[in-house]
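*Asks:* Each chain, letter by letter, is given below.
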Amino acid sequence: MDTYYHAKDLHRFAEIGREAPELWQKFLDWYTAVFEEGALTAREKALVALGVAHAVQCPYCIDAFSTACLEKGSTPEQMTEAVHVAAAIRGGASLVHGVQMRSHVDKLSM
Amino acid sequence: MALLTLTNTGHPLADAAAQRATLAALPMARPFEEAVASAGHAPLHTTHLGVLQINVGKRCNQACRHCHVDAGPDRREVMPSEVVDACLGFLEASDIPTLDITGGAPELHPLFRDIVGRARAMGRHVMDRCNLTITRLPSYAGLPDFLAGHGVEVVASLPSHSARQTDAQRGEGVFADSIAALRRFNEVGYGVEGSGLLLHLVTNPVGAYLPGAQAALEADWTRELRRRHGVTFNRLYTITNMPISRFLQFLIDSGNLQDYMDRLAGAFNPATVDGLMCRSMLSVGWDGRLYDCDFNQMMELGLAGEVPSTIFEATPASMASRRIVIGPHCFGCTAGAGSSCGGATV
Numbered sequence: 001m002d003t004y005y006h007a008k009d010l011h012r013f014a015e016i017g018r019e020a021p022e023l024w025q026k027f028l029d030w031y032t033a034v035f036e037e038g039a040l041t042a043r044e045k046a047l048v049a050l051g052v053a054h055a056v057q058c059p060y061c062i063d064a065f066s067t068a069c070l071e072k073g074s075t076p077e078q079m080t081e082a083v084h085v086a087a088a089i090r091g092g093a094s095l096v097h098g099v100q101m102r103s104h105v106d107k108l109s110m
Numbered sequence: 001m002a003l004l005t006l007t008n009t010g011h012p013l014a015d016a017a018a019q020r021a022t023l024a025a026l027p028m029a030r031p032f033e034e035a036v037a038s039a040g041h042a043p044l045h046t047t048h049l050g051v052l053q054i055n056v057g058k059r060c061n062q063a064c065r066h067c068h069v070d071a072g073p074d075r076r077e078v079m080p081s082e083v084v085d086a087c088l089g090f091l092e093a094s095d096i097p098t099l100d101i102t103g104g105a106p107e108l109h110p111l112f113r114d115i116v117g118r119a120r121a122m123g124r125h126v127m128d129r130c131n132l133t134i135t136r137l138p139s140y141a142g143l144p145d146f147l148a149g150h151g152v153e154v155v156a157s158l159p160s161h162s163a164r165q166t167d168a169q170r171g172e173g174v175f176a177d178s179i180a181a182l183r184r185f186n187e188v189g190y191g192v193e194g195s196g197l198l199l200h201l202v203t204n205p206v207g208a209y210l211p212g213a214q215a216a217l218e219a220d221w222t223r224e225l226r227r228r229h230g231v232t233f234n235r236l237y238t239i240t241n242m243p244i245s246r247f248l249q250f251l252i253d254s255g256n257l258q259d260y261m262d263r264l265a266g267a268f269n270p271a272t273v274d275g276l277m278c279r280s281m282l283s284v285g286w287d288g289r290l291y292d293c294d295f296n297q298m299m300e301l302g303l304a305g306e307v308p309s310t311i312f313e314a315t316p317a318s319m320a321s322r323r324i325v326i327g328p329h330c331f332g333c334t335a336g337a338g339s340s341c342g343g344a345t346v
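Sequences listed follow chains A and B, in order. The first sequence: position 36 = 36 (my numbering), numbered continuously. The second sequence: position 129 = 129 (my numbering), numbered continuously.
Same shape as in the complex, but just chain B (with noise of 0.2 Å):
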């Protein structure tokens, strides 16, 4: 892929602090913090710890043009053993119900089919936010098989079921590589009806706008994916894309950027922070480092107040109730119907 990651191409963007300083002088009707207020959270805080989200590593076979890691195949952060351990290690001491494993593409991570081995194991759900082409290359070619054997749920990222649109934000050629990866996995029973294997896709939009109704869409993409490709799928989750790292660079490219925020802001639904899933979150660095979502893990914005930055000194106890750390790209979670790992919230 010809497009190289802001980090190697020297871009300043590539520094979450340039990032949030773009963000910050923008002029918003409002402040994200005034917002969350005005739906009685001030400040916002997190209600339990129902996933652990890790986040192993920036290298990705992929370099989209929407990434908000950043990542592509010429990173090289990825999660050291000592850091899976202490994840790991903090999972089993927990109640936390479901690992979520993501990246860059997490199944690049050569501890990969342990993690999920370990977190099995233990009788936690696992899920894997995977890219679908990594299943494509000779190396990867089982793991739709491995998946299926240890009943991990899979979110694929799809953006759109038009190949152009896919291959714009993506790459050339993904959306083909893409639908062939959903055959593989409709072969060993991902997405098939009475199986029990779960195959979720995710879309986003291809620019700057909302995404639509997820309901809608998704009736949509089952007839069309079904009549032009043969693929079946559980559940469509749409999510907003974030100003930040890539797309971010995309916004400032395209004479967007303030446009886009007043769009997020102006469709600021107090019915969506409920649903924040932030606030039943904990994510985790490759580094080891704590937060509260992987927006603000790439915004480098660690966690609030008194409280164990590592993994290495966390305890669920120390976790479960916190104040969140906000900014202005938080209103990509709270616009219209909200966005987050699971889709629409409400």
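The following block holds chain A by itself, in its conformation from the complex (with noise of 0.2 Å):
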């Protein structure tokens, strides 16, 4: 069956590269850079990254990041907690513009 999303196609991601090499380099320093120990452990940016994965509901992420967890040392509890994190976000940000919704629902109300 087609469908947009293909799982290898994750392993071709370097090929966005070909046309702006320079930016494609800037891009993965940067990206190494940040996944590095830092103040925050690798295994805790791991943990950020799949929660923002399943915010931005990215599939190449979701997967990359769920393997990424596990082999950082992250028990399936964990992980399924940052992703309630994200999750808790993304409708707490949703719901928050209820407020916008009521604003403009006084503003024309009587």
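For the record, the hints were derived by calculation from the structure and aren't laboratory data. Misleading hints may appear alongside valid ones.
As the list claims (entries may be wrong) - Partial selection, computed: residues in chain B whose CB lies under 10 Å from chain A:
{"id": "1", "residue": "T7"}
{"id": "2", "residue": "H161"}
{"id": "3", "residue": "S162"}
{"id": "4", "residue": "Q165"}
{"id": "5", "residue": "V206"}
{"id": "6", "residue": "Y209"}
{"id": "7", "residue": "L210"}
{"id": "8", "residue": "G212"}
{"id": "9", "residue": "A216"}
{"id": "10", "residue": "L217"}
{"id": "11", "residue": "A219"}
{"id": "12", "residue": "W221"}
{"id": "13", "residue": "G302"}
{"id": "14", "residue": "A304"}
{"id": "15", "residue": "G336"}
Said to hold, decoys possible - Non-contacting residues of chain B with respect to chain A, defined by C-beta distances greater than 10 Å in every case (computed):
{"id": "16", "residue": "D15"}
{"id": "17", "residue": "R164"}
{"id": "18", "residue": "A213"}
{"id": "19", "residue": "A317"}
As the list claims (entries may be wrong) - Stretch by stretch, here's where chain B covers chain A in the computed footprint (C-beta under 8 Å, at least three residues):
{"id": "20", "stretch": "39-51"}
{"id": "21", "stretch": "70-76"}
Beta carbons are placed, not taken as given, at the ideal position from N, Cα and C, and that holds for glycine.
Quick one: dock chain against chain with the hints and give me the complex.
*Replies:* Here's what the structure looks like:
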């Protein structure tokens, strides 16, 4: 069955650098530096990335960072909590826009 | 435990030749021989004899889903006493500093305590690869005291500090039993600072992925086991799951085999080759046959060249320098930070 997303395409990510190699290299350098051990551990950063992957709903990122989280020693329980954090922020972000809805309704209403 | 071994369920992968054929049929970017050659090792060779590892049998009180030995309660292979004598005679004739006892659950061997006592009397360091839960069986409850009395280094398996993950791999209730066992080891001084009694934990991934960075995981494990369970240990060893026996079966059944082998081969790290355990080890099977490592033993890949094939004919001089037998499974020991019986190698 054909789909818009193909899991194997993740391995072709570097092809995006063909038409703009300098920009690709800058991205790679920055990306690599971001995930190095710092004030946060590499394991903690992978959990943040997993949460963001769900927030932006990127299937490539979800596959990649699910593996990364496991390989860095996170448990499925910890990973599930990270996804809930992302989902809660997404849900809360939608809900807080309800204030804008209320303001607009108030403005229009008698 | 409900899970029976491949051998006793008549599974085709119980046959080592079938396992070798399965791996040989996979398309790989390059063979392992070419990978180690690129690291300056053509062919791969031993450096010295630092460890004599004896697999005293395939009987085990557990039947873990990833076991490369296909060990379990229904296995009957036990090292006969004449093989035990030959192993200890070989050890005594050598200057090998360490005897590494593995299985199965090695403590189930009727001569286990005798083997430990004799090796210690020779002044050799002894390591026991313990599954922890064996000490929860009434007949083996005295093991921690016995091991402590002989100063044996305990290398204990615990894949995860999460009960769910550990039980998923090793069987329902294994985590709780393992924690109870660790508390008992702590009570007799194992893993307690200043006691001199070494208790190391071995973690391997609960699935088709590589282990994490050993030092980072050790810090997490130290914190989590102390905080949640009041348990202490010395070092955490990370070990990569090998595509052998029941883990090979899992890889096939779950559709992960090719991706996993690609992951191992793609993560080949030339810096791991110097520390490969096969380069300083001699492995003895329950029946006295000789191998370069426990993994080759389970794949029934005997020693290469014109060297003795059993412990009965072997001499330390004849075993010191050997060409190592390799195969696609060897990518498991060279991926990422490397993997050995002592954890990561770089």
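*Asks:* Next item in the hint list is B/G212. Is there a CB on chain A closer than 10 Å to its CB?
*Replies:* holds (4 Å)
*Asks:* Tell me if chain B covers the stretch 70-76 of chain A under the three-residue, 8 Å CB rule, please?
*Replies:* With 6 residues closer than 8 Å to chain B, the stretch 70-76 of chain A meets the three-residue bar; holds.
*Asks:* Have a go at the B/W221 hint: is there a Cβ in chain A nearer than 10 Å to its own Cβ?
*Replies:* This hint holds: B/W221 lies near chain A, its Cβ roughly 8 Å from the closest one there, short of 10 Å.
*Asks:* Quick check on the hint: B/L210 CB to chain A CB, less than 10 Å?
*Replies:* Holds. Min distance 5 Å.
*Asks:* Double-check B/Y209 for me: the hint is only fine if its C-beta lies closer than 10 Å to a C-beta in chain A.
*Replies:* holds (5 Å)
*Asks:* Are B/G336 and chain A close enough, Cβ to Cβ, to be under 10 Å, as the hint says?
*Replies:* holds (8 Å)
*Asks:* Identify whether the interface hint at B/S162 stands, where standing means a beta carbon of chain A within less than 10 Å of its own.
*Replies:* holds (4 Å)
*Asks:* Restraint: B/G302 near chain A, CB-CB cut 10 Å. Satisfied or not?
*Replies:* violated (34 Å)
*Asks:* Taking the closest Cβ pair, is B/V206 under 10 Å from chain A?
*Replies:* Given a least distance of 8 Å, the restraint on B/V206 holds.
*Asks:* A closest beta-carbon separation below 10 Å is what the hint needs, so does B/H161 meet it against chain A?
*Replies:* With Cβ-Cβ at 8 Å, under 10 Å, it holds.
*Asks:* Can B/A304 be said to touch chain A, with a Cβ gap under 10 Å?
*Replies:* violated (33 Å)
*Asks:* According to a criterion of three or more residues whose C-beta lies within less than 8 Å of a C-beta of chain B, is the stretch 39-51 of chain A covered?
*Replies:* holds (count 3)
In this structure, the earlier hints numbered 1, 13, 14, 17, 18 are contradicted, and the remaining ones agree with it.
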